[in-house]
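K.L.:
These are the residues of each chain, in order.
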Amino acid sequence: MWDFFWRRLTGLIVVMALVATLVFFLTRLAPGDPAALMLGDQASAADIAALRAVYGLDQPVLVQFGLWLKEILKGNLGQSIFLQRPVTQALMERAEPTFFLALFSVLIAALIGIPAGIVSAVWRGRLVDQIVSALAMLSANIPSFWLGLLFIQFFAVKWHLFPVAGYGDPGAPLLERLRHLVLPATVLGLVNSALITRFTRASMLDILSEDFIRTARSKGLAEGVVIWRHAFGNALIPVITVVGLTAALLVGGAIVTETVFGLPGIGNLVVSAVLRRDYPVIQGALIVVAAIYVLINLVVDLIYAWVDPRVRAQ
Amino acid sequence: MEILVKRRHLLAATGLVALSTLMSPLKAEAQTSANLAMIGEPQSLDPMASTADLVSLIMQHVYEPLYTFDAQWGVKPMLAADMPKMSADGKTYAIDIRKGVKLHNGRELDAEDVVASLKRWLEMTPRGKSLSKSITSLSAKGTHSIEIVLSDVQPALLAHLALPSGFAGIMAKESIANPLVEFIGTGPYKFRERKPDQYVVLVKFDGYAARSEAASGYAGKREAKIDELRFIPVPNANTRVEGILAGQYHFADQLPVEANKKVSGSGNASGVLTMPYGFPYFPTNTKQGPMADLKIRQAFQMALNQEEILLAGFGDPKFFSLAAEHFPKGSPFFSDAGKDKYSKGDAAGAKKLLADAKYDGTPIRILNSKQYDFHHRMALVMAEQLKAAGFAVTLDVVDWATLVQRRADPAAWDIYITHSAFLPEPMLSPPQLGDGAPGWWKTPAKDAALSAFNAEPDAAKRGQLWGKVQQVVYDEVPYIRAGNFAALSGLSNQMKGYAPMPWPSFWNVSLSK
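Chains A and B are the protein sequences, given in the same order.
If you're matching positions, the first sequence starts at 1 in my numbering and goes up one per residue.
If you're matching positions, the second sequence starts at 1001 in my numbering and goes up one per residue.
The hints are simulated quantities; they were obtained by calculation from the structure and are not laboratory data.
C-beta: ideal position from N, C-alpha, C; glycine also.
Among the hints, erroneous ones may be present.
[Stated by the list, open to error] Calculated cross-link-like contacts (lysine to any residue; reagent style SDA-like; alpha-carbon spacing at most 25 Å):
{"hint": "1", "chain 1": "B", "residue 1": "K1370", "chain 2": "A", "residue 2": "A53"}
{"hint": "2", "chain 1": "B", "residue 1": "K1195", "chain 2": "A", "residue 2": "L103"}
{"hint": "3", "chain 1": "B", "residue 1": "K1129", "chain 2": "A", "residue 2": "V157"}
{"hint": "4", "chain 1": "B", "residue 1": "K1387", "chain 2": "B", "residue 2": "A1355"}
{"hint": "5", "chain 1": "B", "residue 1": "K1287", "chain 2": "A", "residue 2": "L103"}
{"hint": "6", "chain 1": "A", "residue 1": "K158", "chain 2": "B", "residue 2": "S1264"}
{"hint": "7", "chain 1": "B", "residue 1": "K1129", "chain 2": "A", "residue 2": "A53"}
{"hint": "8", "chain 1": "B", "residue 1": "K1221", "chain 2": "B", "residue 2": "P1276"}
{"hint": "9", "chain 1": "B", "residue 1": "K1261", "chain 2": "A", "residue 2": "Q84"}
{"hint": "10", "chain 1": "B", "residue 1": "K1442", "chain 2": "A", "residue 2": "V63"}
{"hint": "11", "chain 1": "B", "residue 1": "K1370", "chain 2": "A", "residue 2": "L149"}
{"hint": "12", "chain 1": "B", "residue 1": "K1195", "chain 2": "A", "residue 2": "L147"}
{"hint": "13", "chain 1": "B", "residue 1": "K1221", "chain 2": "B", "residue 2": "K1370"}
{"hint": "14", "chain 1": "B", "residue 1": "K1370", "chain 2": "A", "residue 2": "D33"}
{"hint": "15", "chain 1": "B", "residue 1": "K1119", "chain 2": "A", "residue 2": "L51"}
{"hint": "16", "chain 1": "A", "residue 1": "K158", "chain 2": "B", "residue 2": "A1355"}
{"hint": "17", "chain 1": "B", "residue 1": "K1129", "chain 2": "B", "residue 2": "D1475"}
{"hint": "18", "chain 1": "B", "residue 1": "K1119", "chain 2": "A", "residue 2": "Q84"}
{"hint": "19", "chain 1": "B", "residue 1": "K1129", "chain 2": "B", "residue 2": "R1107"}
{"hint": "20", "chain 1": "B", "residue 1": "K1341", "chain 2": "B", "residue 2": "G1463"}
{"hint": "21", "chain 1": "B", "residue 1": "K1262", "chain 2": "A", "residue 2": "L147"}
{"hint": "22", "chain 1": "B", "residue 1": "K1287", "chain 2": "B", "residue 2": "D1475"}
{"hint": "23", "chain 1": "B", "residue 1": "K1195", "chain 2": "A", "residue 2": "V274"}
{"hint": "24", "chain 1": "B", "residue 1": "K1358", "chain 2": "B", "residue 2": "H1376"}
{"hint": "25", "chain 1": "B", "residue 1": "K1513", "chain 2": "A", "residue 2": "F162"}
{"hint": "26", "chain 1": "B", "residue 1": "K1195", "chain 2": "A", "residue 2": "I255"}
{"hint": "27", "chain 1": "B", "residue 1": "K1119", "chain 2": "A", "residue 2": "A50"}
{"hint": "28", "chain 1": "B", "residue 1": "K1129", "chain 2": "A", "residue 2": "D58"}
{"hint": "29", "chain 1": "B", "residue 1": "K1461", "chain 2": "B", "residue 2": "S1145"}
{"hint": "30", "chain 1": "B", "residue 1": "K1195", "chain 2": "A", "residue 2": "T88"}
{"hint": "31", "chain 1": "B", "residue 1": "K1129", "chain 2": "A", "residue 2": "A172"}
[Claimed, not checked] The following residues of chain B were derived to be distant from chain A, with all beta-carbon distances above 12 Å:
{"hint": "32", "residue": "S1050"}
{"hint": "33", "residue": "D1089"}
{"hint": "34", "residue": "E1308"}
{"hint": "35", "residue": "P1332"}
{"hint": "36", "residue": "P1444"}
{"hint": "37", "residue": "L1511"}
For reference, chain A alone in the conformation it holds in the complex (with noise of 0.2 Å):
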């Protein structure tokens, strides 16, 4: 287990190292100059000279890769143009609207798809089967900001029940702030359903065709005991792979969602930072995303090992 752990360490630093390279070079490639988006239209070019000099925007691109480089290796994200704080403390702000949005998220999605999935795989053909895979067709093809302010057309807007946007007044209690989730959360856990009820559905058609669930069966075991114990145990991995894969994407920031619902989030941030060439923003948010992803990774390869022996032993 140990050795599958430091083999999975291993590839993770390596891509980290590419990730690193790729988002510094990407970001640089783009046109825009965020001193003068700083100053404005009235700016001389003396005066956005001197602001690039003070961000050392003038140097060589190789030299600005290199102090970048030094400084992450130091754990130092750099400082933000445009907020003028440590990217550090700006992702760090961000990260709770980011973090229980992805968490509520993941759950309505799996507690819609992974039900769905099975009713699906085990009433195959029938009725309840085409009106599951119609509906997660359907989910996972409507845009979520068409989502979103359908969502905010009714559910707050007509019915008042949820906040239209934002993440709560100024001093608002956790559970208010919270509250300010239910409608994105809702529109992502629907979007996303879609892909885990695909997967379940698919994996437990595969497990339920398997001999040993025949020989479950043939022995008498209640169809209840079979479907759970013995089929969706087995049909679990996939179901795993997808959900994790799905929290990581999630956790990066849903980024048009955030933006619909006004959402202080990674996403917003990442956004904003793009339009404005806040370059160290940029590359901070997607080294710290790029490392969650890996990481979650690496914890949905560890389950895999923990659930099945098999994995292990590759």
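Let chain A serve as the given structure and place chain B on it in line with the hints.
P.N.:
Below, chain B alone, put in the same frame as chain A:
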């Protein structure tokens, strides 16, 4: 058993404490709070570090200038006791500061604060830097007077000091630092808290010393009638619309014009127009490429039908107005000069000018951004009008950050689409009237007209001289001013006393229950 019961009680008590912590606000609620949905996160809270309108909009509640504008865009005193005493040659300004004005830290404002703040403004802001070349000295004269001595006449000095953008706000001298960490001004609201991408909270300043004159525009009596102002960044325009309809926001800035009917028809909010809010304009590249040829620029001007362009940009004549004049009737700068060249929409005439110029068909690159929807829609119609007049046209659609960078390169564009807020003094906008702005307009006619205008201290004579500058702009086409446009804001029915101005302000505004 008894132990078990006790443990349950203890658990229940702990649970209740935890629940009450989750449910209860961290601090006491203010009596009245206004939720104000803004178009984004302010670049900074230092009004001298950025010229962005959003920064000024928020921080004008915290900091006050020496002079400000009234509803007719006349310059009026704010922290200054009165209008300045000027020397006969127009180069020395003696300004008395109001007595009894309290800073947010409780100390009384004095001339040292004003001098320190204005020095910072002259060093940090683009307009201040440009003006600083003409400042011979800036000094305190006693505790409540300052003196500004100029090397040359600067008739726009007070307008520069009054403009909220790149704001000459007066701050406590002990708070001055780079970057600012404390925001100590004299305004009716003081700074409490900023959570980036969530809110900026300002609270009523109980020690505020208001002027006695009636309120007009930004001038006169200011009173904080709402206890707490929350400026909330809501970049998605549709979310701002839905938020005002749902009652979550009391004010929503810059709504899409198509939302007007929806907001006004909702019964719990109304659409408010600020007109004129600004003007779209199209700078031309006079340095390089086809537009460097005056005749081709004139053909461009002749080809445009501004009504069609503005209609494409703003959808409904309610939201724009055709205006050949750069300043409206009633302004000292109103002039008809060049009117005959405005919005001709004359494709045949433009073709003739192109033939005279021996235009070789090099495509005209119209640099524009979809980040401002109306820019792009105007560019589409402009392109068709130019094609009809015989121009070859390429639309370069980029994001705003790219446009800002690319327009600084004379090899990268021929025309770009932008806009400016309506400003009451010609020398405040557009930057093409100065030196070195994208377009690089520099001709003897420009220099002559602007030198005469800028050297004239008499307000009435300046008005006449502006007409000559306007005429040169129409003759040489360094930019084309399309007309005026309005901004649409959403206002909750609870909010009373709001007076629309380009930088919305919330003093003298109250909330009904």
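K.L.:
When you check the alpha-carbon spacing of K1119(B) and L51(A), does it fall within 25 Å?
P.N.:
holds (19 Å)
K.L.:
Next pair to validate is K1358(B) with H1376(B); report whether the Cα-Cα distance is within 25 Å.
P.N.:
Given pair K1358(B), H1376(B) is violated - Cα atoms ~29 Å apart, limit 25 Å.
K.L.:
When you look at the beta carbon of S1050(B), is every beta carbon of chain A farther off than 12 Å?
P.N.:
The assertion about S1050(B) is violated, with a minimum of 6 Å to chain A.
K.L.:
Between K1195(B) and L147(A), is the straight-line Cα distance small enough, at 25 Å or below?
P.N.:
violated (28 Å)
K.L.:
Quickly compare the C-alpha distance for K1370(B) and L149(A) to 25 Å and report which way the hint goes.
P.N.:
With a Cα-Cα distance of about 21 Å, the restraint between K1370(B) and L149(A) holds, given a limit of 25 Å.
K.L.:
Please verify whether K1221(B) and P1276(B) have alpha carbons no more than 25 Å apart.
P.N.:
holds (24 Å)
K.L.:
Going straight from one Cα to the other, do K1287(B) and L103(A) come out at no more than 25 Å?
P.N.:
violated (56 Å)
K.L.:
Holds or violated: are the alpha carbons of K1195(B) and I255(A) at most 25 Å from each other?
P.N.:
OK: K1195(B) and I255(A) at ~19 Å, within 25 Å.
K.L.:
For K1442(B) and V63(A), compute the direct alpha-carbon distance and say whether it is at most 25 Å.
P.N.:
Not satisfied, since the Cα-Cα distance of roughly 38 Å exceeds 25 Å.
K.L.:
Is it true that the CA of K1195(B) sits at most 25 Å from the CA of V274(A)?
P.N.:
Holds, because 20 Å separates the two Cα atoms, which is no more than 25 Å.
K.L.:
Taking the shortest Cβ-to-Cβ distance between P1444(B) and chain A, state whether it exceeds 12 Å.
P.N.:
Correct as stated: the minimum Cβ-Cβ distance to chain A is 23 Å, above 12 Å.
K.L.:
Does L1511(B) clear chain A by more than 12 Å, comparing its Cβ with all Cβ atoms of that chain?
P.N.:
holds (14 Å)
In the structure shown, a violation is registered for the earlier hints numbered 1, 3, 5, 9, 10, 12, 13, 16, 17, 19, 24, 29, 31, 32, in ascending order.
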